[in-house]
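K.L.:
Please construct the entire structure, taking both the sequences and the accompanying hints into account.
Read top to bottom, the protein sequences are chains A and B.
Taking my numbering, the leading residue of the first sequence gets 1, the next gets one more, and so forth.
Taking my numbering, the leading residue of the second sequence gets 180, the next gets one more, and so forth.
Simulated from the structure, these hints should not be mistaken for laboratory data.
Warning: the hint list may mix true and false statements.
Below, simulated BS3-like cross-link-like pairs (lysine-lysine); rule was C-alpha separation at most 30 Å, straight line [said to hold, decoys possible]:
{"#": "1", "chain 1": "A", "residue 1": "Lys87", "chain 2": "B", "residue 2": "Lys314"}
{"#": "2", "chain 1": "A", "residue 1": "Lys135", "chain 2": "A", "residue 2": "Lys178"}
{"#": "3", "chain 1": "B", "residue 1": "Lys357", "chain 2": "A", "residue 2": "Lys135"}
{"#": "4", "chain 1": "A", "residue 1": "Lys87", "chain 2": "B", "residue 2": "Lys208"}
{"#": "5", "chain 1": "A", "residue 1": "Lys135", "chain 2": "A", "residue 2": "Lys87"}
{"#": "6", "chain 1": "B", "residue 1": "Lys357", "chain 2": "B", "residue 2": "Lys208"}
Protein chains: 2
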Amino acid sequence: MKSVLDLASQRFSCRSYKPNTVPPEMIEKIVEAARLAPSACNRQPWRFTIVTDPEIRRQLAREGILPGLGMTWLADAPVILVLGLKKSLVTHKVAPLISGVDYSMLDIGIAGEHAVLQATEFGLGSCWIGWINQKTTRQIVNWPPEIIPQAFITIGWPNTLPENRAPRLDIREISQWKR
Amino acid sequence: MKSVLDLASQRFSCRSYKPNTVPPEMIEKIVEAARLAPSACNRQPWRFTIVTDPEIRRQLAREGILPGLGMTWLADAPVILVLGLKKSLVTHKVAPLISGVDYSMLDIGIAGEHAVLQATEFGLGSCWIGWINQKTTRQIVNWPPEIIPQAFITIGWPNTLPENRAPRLDIREISQWKR
Numbered sequence: 001m002k003s004v005l006d007l008a009s010q011r012f013s014c015r016s017y018k019p020n021t022v023p024p025e026m027i028e029k030i031v032e033a034a035r036l037a038p039s040a041c042n043r044q045p046w047r048f049t050i051v052t053d054p055e056i057r058r059q060l061a062r063e064g065i066l067p068g069l070g071m072t073w074l075a076d077a078p079v080i081l082v083l084g085l086k087k088s089l090v091t092h093k094v095a096p097l098i099s100g101v102d103y104s105m106l107d108i109g110i111a112g113e114h115a116v117l118q119a120t121e122f123g124l125g126s127c128w129i130g131w132i133n134q135k136t137t138r139q140i141v142n143w144p145p146e147i148i149p150q151a152f153i154t155i156g157w158p159n160t161l162p163e164n165r166a167p168r169l170d171i172r173e174i175s176q177w178k179r
Numbered sequence: 180m181k182s183v184l185d186l187a188s189q190r191f192s193c194r195s196y197k198p199n200t201v202p203p204e205m206i207e208k209i210v211e212a213a214r215l216a217p218s219a220c221n222r223q224p225w226r227f228t229i230v231t232d233p234e235i236r237r238q239l240a241r242e243g244i245l246p247g248l249g250m251t252w253l254a255d256a257p258v259i260l261v262l263g264l265k266k267s268l269v270t271h272k273v274a275p276l277i278s279g280v281d282y283s284m285l286d287i288g289i290a291g292e293h294a295v296l297q298a299t300e301f302g303l304g305s306c307w308i309g310w311i312n313q314k315t316t317r318q319i320v321n322w323p324p325e326i327i328p329q330a331f332i333t334i335g336w337p338n339t340l341p342e343n344r345a346p347r348l349d350i351r352e353i354s355q356w357k358r
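P.N.:
Below, the structure written as structure tokens:
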């Protein structure tokens, strides 16, 4: 078992996967961790489609993303978790007009990262993908109009080492302490 | 050591804290977990002010939040982590116009939840607060105009049990599996 800080250190954006499948029990625990996430007014605006079907994964890789980034590797991930957002009127449309805070996307980030950290704990690789085509993705996963796709998270057994881990800003560049 | 799923199950929105301080080494690890979070194009748009100074905590409790929710307990939390957003032009302003996805708030959610889960692992209570006054909060924590406050996370030793844990939607209500 690892600490959260260890998991945060080990996680990397994995863009190459072995063909081995991920056991359904692992996938269920990953989505369960996301389900339990906190959210503004407990609205739980997240919706998930778990895609393991190879043809639908290929479709997402081909038509679900926006052009320009060369994401053919996407179809090789044995699991693509599609994250959608279902907005509520008061919490996600009215309240942000007053506060200026977009609670709905904050909540999608929280829930999705629960999934990512649980996957990391299992030794799985994962990658957040936000450069998606919302319209075609919605069609591919058969969501009604009120659910808006926001991101994919690919999940699978890593075929690469995290050799090019993206560097982070120094703690002094991003934080101050008032004590 | 606990699994991510355990931490997700145990976390609750803690709104009552013991007066005991939180050791600085714990606070540092909590913020370090957030620092290592992934973000769109690795832009790391998050900025943190760690507030342990009692007078500034009182100020945040009094003037940093919006009216209506009765958050006097806020000043009793020994740590208030203020999360700010520094937007980059391409990733956070141009790209969302094309994709429709607000990467910046997603990233704030991811980083903040790393902090929350690390705090939970330490046995600390925490609570996301998004009903904030961005303008007064920025003044209180002395951020320049380009850093926009988005949320607080209170942290401290819980004085309550999570007796009224908010219920979650059933997994079948929020997910489908394409296999």
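K.L.:
Checked against the structure, which of the hints given earlier come out wrong?
P.N.:
Hints 2, 4, 6 not satisfied by this model.
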